[in-house]
Amino acid sequence: MSTELLKEIATCIERGKVNAASPYPPDMKGKEGADELVKKALDQGIPASEILEKALIVGMSAIGQKFSRNEVFVPDVLMAAKAMQAAMKHLRPFFDSGEAKHRGTFIIGTVQGDLHDIGKNLVAMVIEGGGYKVVDLGVDVSPEKFVDAVKQNPGASVGLSALLTTTMINMEKTVKLVKEAMPGTKVIVGGAPLTQEFADKIGADAYSPDPQGALEFLNRTN
Amino acid sequence: MKKFSSLAISKADELVFGVSPNPVEVKPGFVVGAGETFPELNYILPHGSEVSHATMDQVEHVYGEMAKGALERAARLGIEHFVIEVEQVFEMTAYPEWGERIARVTREAIQQYEDKGVHAALRMTIADIRDRVRPPRNRTSTETSLVLESFERCAPYADILAIESTGGKEVHDPALLMCDSGGVVFALGELASRDMAFLWEKIVSIAKKHGKIAGGDAACGFANTAMQLANKRMIPTVFAAMVRAVGAARSLVAVECGATGPDKDCAYEGPMLKAIAGIPIAMEGKSAACAHSSRIGNVAMSCCDLWSNESVPYVRLFGGYSPEVCLEELWYDCKLLNESRRHGQERVLRDLLVSSDVRTSVEALMLAPESVIRISRAIISSEDYLERALRAAVEAIAIIEEAVANGTSQVPESELVWLDQMKLGLEPVQSSSGKAVDHYAAFYPDFIPSEYGL
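So the protein sequences, as listed, match chains A and Y. End of the first sequence sits at 224 in our numbering; the numbers just go up one at a time, nothing left out. End of the second sequence sits at 565 in our numbering; the numbers just go up one at a time, nothing left out.
If you're looking for bench data, these hints aren't it; they were derived computationally from the structure.
With a Cα cut of at most 30 Å, we get these calculated DSS-like pairs of lysine-lysine:
hint : chain 1 : residue 1 : chain 2 : residue 2
1    : Y       : LYS546    : Y       : LYS313
2    : Y       : LYS343    : A       : LYS203
3    : Y       : LYS343    : Y       : LYS534
4    : A       : LYS31     : Y       : LYS534
5    : A       : LYS147    : A       : LYS91
6    : Y       : LYS534    : A       : LYS33
7    : Y       : LYS343    : A       : LYS68
8    : Y       : LYS138    : Y       : LYS446
9    : Y       : LYS113    : Y       : LYS138
10   : Y       : LYS397    : Y       : LYS446
11   : A       : LYS42     : A       : LYS135
12   : Y       : LYS446    : Y       : LYS122
13   : A       : LYS42     : A       : LYS31
14   : Y       : LYS343    : A       : LYS135
15   : A       : LYS203    : A       : LYS135
16   : Y       : LYS343    : A       : LYS175
17   : A       : LYS135    : A       : LYS181
18   : A       : LYS68     : Y       : LYS534
19   : A       : LYS147    : A       : LYS178
20   : A       : LYS68     : A       : LYS41
21   : A       : LYS153    : A       : LYS135
22   : Y       : LYS114    : Y       : LYS138
23   : Y       : LYS546    : A       : LYS31
24   : A       : LYS175    : A       : LYS135
Make a model of the complete structure from these sequences and hints.
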């Protein structure tokens with residue numbers, strides 16, 4: 003019974019079915035969504051960590067992989083993230099109390115001088131959907147702000163985003179300061195003008211052209 | 112404010128490169144839109160360059176070298192007329208004295224080559240830094256003052272003034288990612304249009320004061336963002352195509368405020384402005400592949416008056432430095448266009464440019480002359496900013512559906528479902544009865560109505 007329910011929740015996450023009132027997706031109109039089903043699962047005594055691992059992460063992973071294969075578009079991922087958020091609303095108290103744990107913490111921001119946040123937001127959503135706590139520092143983030151965040155979240159990994167060739171250089175300083183302040187911190191970089199070569203040159207641990215790649219990197223290193 | 116109730120070009124056959132109903136003399140003896148197409152060259156610092164107090168002397172030197180290199184190539188090839196566009200990076204607007212230094216050094220280089228028979232014009236495009244703080248305070252922030260100061264400081268050295276303004280972007284960005292067609296129409300039709308009216312009244316005033324040309328304003332941060340997202344398969348191409356049409360309703364506001372063109376190169380919505388207002392336009396396409404990819408590289412050329420490379424970083428190639436190489440490529444492109452006109456074959460060439468892209472791209476379909484005229488008519492059928500943006504969206508979707516039905520343009524199977532979703536998404540605008548602001552403020556709270564005069 004619980005397996006079926008977890009599967010249903012995973013489907014709601016993957017399809018972006020937030021709640022019963024949500025008209026999206028049209029073929030699930032009127033059916034219960036992630037909101038109601040997660041509450042039902044908790045009422046049945048399924049542990050929050052099991053709901054996260056066996057339903058939420060499964061659903062987000064499925065949509066993330068479809069996105070990587072160009073089978074769906076960003077709005078599909080965003081709707082899945084909305085469903086995920088509706089589900090997490092019920093699970094958050096268990097994480098806050100320590101009863102359930104995130105896979106790790108991920109600090110993300112667009113580097114100093116750069117205001118582009120589309121890619122950054124997308125990565126943040128997929129990583130959160132992958133079971134990580136995400137600390138989103140926003141755009142135009144100074145190296146010092148990244149360092150502060152790393153100090154406040156020991157063991158966290160860091161993601162740096164840039165869209166402009168004129169701002170990607172700010173990544174190098176950020177990587178350097180972060181690693182000086184907290185040696186061993188994993189840093190992944192991404193953004194349209196970036197390459198693996200550039201990531202290597204500035205001392206980043208990884209480069210990913212898409213959110214799923216970033217999630218897979220975190221799963222390997224956490 | 113001027114409003115257009117009829118089209119300057121009402122027949123698709125008359126929408127051709129090199130000729131605009133209202134040509135513009137960008138500098139003495141250099142007229143755009145009067146029969147010839149000219150190159151517009153844009154370049155930028157090498158990848159990874161820093162613009163700061165510490166580097167500004169070097170930055171200025173490099174800009175001087177880039178201009179001189181291109182002008183020297185022009186002198187050797189015999190290119191008499193072309194436009195240099197300097198598109199400021201954020202720092203140059205944040206520190207208007209830096210932007211002024213770049214404008215001055217470029218002007219000095221241009222003047223050095225006047226005696227060598229090269230008569231280049233300078234377009235200074237100011238960066239819109241108002242969007243750096245979210246939610247932006249488009250009317251009341253320090254950044255707004257810096258943008259206007261930058262125009263003032265650069266105007267004495269420029270021939271053409273331009274910008275890619277960002278009003279409405281704080282709503283458009285999330286609407287785009289959600290493929291919320293109504294949200295896009297609201298962002299461009301209501302917010303961006305209102306912001307442009309605010310901004311362009313001032314830009315035109317500065318241009319007039321200095322005797323310079325108010326060029327135009329590209330919906331780059333909107334429709335080109337959509338195009339790039341579609342290129343990366345992040346949103347459907349059918350959605351990006353619709354955004355292009357809606358962007359035209361927004362960019363027209365600059366012209367209504369007194370901009371005369373030549374419109375900005377990255378304003379792929381330029382053909383609609385040319386059809387509506389008869390202004391000459393710059394366009395970019397296949398020869399801008401150095402800057403970004405697109406599916407509209409040929410069709411973009413079909414009714415350009417200036418032909419641009421969009422932007423190229425300063426690097427050494429076998430054939431010389433990148434700006435010189437780009438200028439030479441653009442010049443050959445223009446020579447072909449101009450030669451076709453001399454032989455009376457311009458419509459043949461235009462039609463080939465159009466059909467070669469339209470078959471494989473609905474985004475290209477939006478720029479096909481027949482589509483341009485239809486969308487332009489839809490836009491001028493209402494004077495209300497929001498309503499005309501909505502009508503542009505409805506017309507664009509209709510054009511795409513017809514093309515899908517008759518097989519003129521290929522649309523991936525996975526995108527067809529989105530056409531219905533796009534129509535559904537427009538319903539809140541159609542039924543808002545003047546309350547679209549309330550409706551969208553609830554969905555997109557990250558904008559300040561008073562900064563749009565609402």
